[in-house]
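Asker: If you're matching them up, the sequences are chains X and Y in order.
Read left to right, the first sequence gives residues 1003 to 1263 (my numbering).
Read left to right, the second sequence gives residues 4 to 356 (my numbering).
Treat the hints with care, as some may be off.
Quick partial rundown of chain X residues pointing at chain Y, CB under 7 Å, derived from the structure [to be verified]: (1) VAL1093; (2) MET1096; (3) LEU1104.
Derived from the structure by calculation, the hints contain no laboratory data.
C-beta atoms are modelled at their ideal positions from N, C-alpha and C, and glycine is treated no differently.
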Amino acid sequence: MTALLEVRGVSKFFGNVIALKDVSVSVGAGEVTCVLGDNGAGKSSFIKILSGVHPHDEGELLVEGEERHFKSPREARELGIATVFQDLATVPLMSVWRNFFLGSEPMVGKGPLRRIDVRFAQRTMREEMRKMGIDVRDPDQPVGTLSGGERQAVAIARAVYFGAKVLILDEPTSALGVKQSGVVLRYIVQARERGVGVIFITHNPHHAYPVGDRFVILNRGRLVGDWRRGEISRDDLVRNMSGGAELDQLTHELERQLEGT
Amino acid sequence: MTSAPTGAAPPAVPVADERLANIGLWARLMRRPEVGSLLGALIVCAFFWVTTDAFGTLSGIANWTDVASTIGIMAVAVALLMIGGEFDLSAGVMTGTTGLLMGLLTTEWGFSMWPAIVVTFAFAALVGFINGYMVIRTRLPSFIVTLATFFVLQGANLGVTKAITGTVRVAGLADVPGYESASKVFSDTFWSPHNFRLSVIWWIVIAAVATWVLSRTRAGNWIFAVGGDANAARNVGVPVARVKIALFMTTAMCAALVGIMIGLRLASVQAGQGVGEEFTYIIAAVVGGCLLTGGYGSAIGASLGALIVGMAFIGIQFSGWNTDWRFLFLGVILLLAVLVNNLVRQRAEGARR
Chain X
1003 MTALLEVRGV
1013 SKFFGNVIAL
1023 KDVSVSVGAG
1033 EVTCVLGDNG
1043 AGKSSFIKIL
1053 SGVHPHDEGE
1063 LLVEGEERHF
1073 KSPREARELG
1083 IATVFQDLAT
1093 VPLMSVWRNF
1103 FLGSEPMVGK
1113 GPLRRIDVRF
1123 AQRTMREEMR
1133 KMGIDVRDPD
1143 QPVGTLSGGE
1153 RQAVAIARAV
1163 YFGAKVLILD
1173 EPTSALGVKQ
1183 SGVVLRYIVQ
1193 ARERGVGVIF
1203 ITHNPHHAYP
1213 VGDRFVILNR
1223 GRLVGDWRRG
1233 EISRDDLVRN
1243 MSGGAELDQL
1253 THELERQLEG
1263 T
Chain Y
4 MTSAPTGAAP
14 PAVPVADERL
24 ANIGLWARLM
34 RRPEVGSLLG
44 ALIVCAFFWV
54 TTDAFGTLSG
64 IANWTDVAST
74 IGIMAVAVAL
84 LMIGGEFDLS
94 AGVMTGTTGL
104 LMGLLTTEWG
114 FSMWPAIVVT
124 FAFAALVGFI
134 NGYMVIRTRL
144 PSFIVTLATF
154 FVLQGANLGV
164 TKAITGTVRV
174 AGLADVPGYE
184 SASKVFSDTF
194 WSPHNFRLSV
204 IWWIVIAAVA
214 TWVLSRTRAG
224 NWIFAVGGDA
234 NAARNVGVPV
244 ARVKIALFMT
254 TAMCAALVGI
264 MIGLRLASVQ
274 AGQGVGEEFT
284 YIIAAVVGGC
294 LLTGGYGSAI
304 GASLGALIVG
314 MAFIGIQFSG
324 WNTDWRFLFL
334 GVILLLAVLV
344 NNLVRQRAEG
354 ARR
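Could you build all of it, start to finish, from the sequences and the hints given here?
Answerer: Here it is as structure tokens:
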């Protein structure tokens, strides 16, 4: 099976800074690939390459087996790659249905009477949200009154509805509490079950582990690990994520300091 | 659940959140941005209706709807711009600039009225475009950019008018060919002997169109989006720069409409025309429920805000009070409106952080 979205040995340089070096990751239909990394590991550069914000400098980017070089986010979107940015996904003061169809409003009528098909938009939004397990009773409710997890769900449901084959989620759980994070993880699983390939970017191995089919770890712009589900235990993932050896040394140093006092 | 017809919206869905209270008529009403201004308008209207004799007569009504109409046309445009997340401090002085331009074109440079009006609108569109382009390009707050435009235009209004006419006004528009027909369109009165101003009709039409655009068109959706969260809007493909520039151009062109109306009505234009009015427009929009932070508001609300201002100006005059009191009144209602809007915003946005 060809991967929906694959990068092979991509690199990204900003002047003399190496943001990413030789990174290879792929995601297939109905798969969740988790990209883990601490701050500064190169996660945002990675997302920006996948979503078409920055072009990559080296390596290959393949969409359904075909090599591409995105020039704009729109190009990536048109190929079915939807990116849900953390906190930048919805407009809080606008109603749920307006947010859902923002930028792709369904229209009816002709000439000066051309208008948004409000009833269709409201009905469709409710149906799509119900598929994610959320009952939006009042479509005119501002998105800001939803919880953080539900807001992510609106963005995810929207991306899936508009034909996203690959969903890139940028830290969807980082601003959420424990319970809300669980809610978002459930949406990720739901999207996967509908055949969407999900790239789940996070710094939290505990969130990645239960939903991921594949785990890659970025550190200082390089790929430092790549496992399939079942090849690694949760503890090992956490250890690798926090830089294994570095953590051991830190523990050691702290212990010495404590002894010294 | 299994056989629930889609779209019928059955109230009892298993996943319903029990913490969600039922949304009644009251809650729906309170979500409308114009509720506060409607209440305010009724109170102000009732007050002057009872305390003065002239206010409630048809001629009195013609009087305060006239004042409200030019403020209202601008308040609607300014409201759209504010919903889109920007300000235009040059909107007031722009009514003077465009009036003067029309006056100079016709009385000094040999244009007849209609071509001059076309040029005036085109000029306003250009200034609006420059405002918008500078705001987008520099990423400076529109408050600063249009403050600069405000002073540039104010200076030009005085300087150019003095240099050309030797006075601070452009007069003699009534003798220009086409004045009669242009007046019929922009500044005539109807329903004598009460003499309602045609500008009232313009105002109602503009408010209605703006309401349609905001609530039912793609452009309206985009206006709310660029004001509510420009980044989120950009991420889903809304052309943020284009929407904002179009809003600045709309505002400037509405200012041209008002400038032309006033110029034709008086058959002359003062160089100081419109200075300070920009705040009246913003106050009317805010009283009508527009948030100063953008992303929320309505054209009907802004119109009601303009109506409150118009009723107060004329009501104060009819009451025999010194008209300077109107500024105090403006300040008070602005403060009240901002406080109310803040509550509304917290309900809409901050209810759950």
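Asker: Checking against the hints above, which ones are violated?
Answerer: When the structure is compared with the hints, none of them turns out to be violated.
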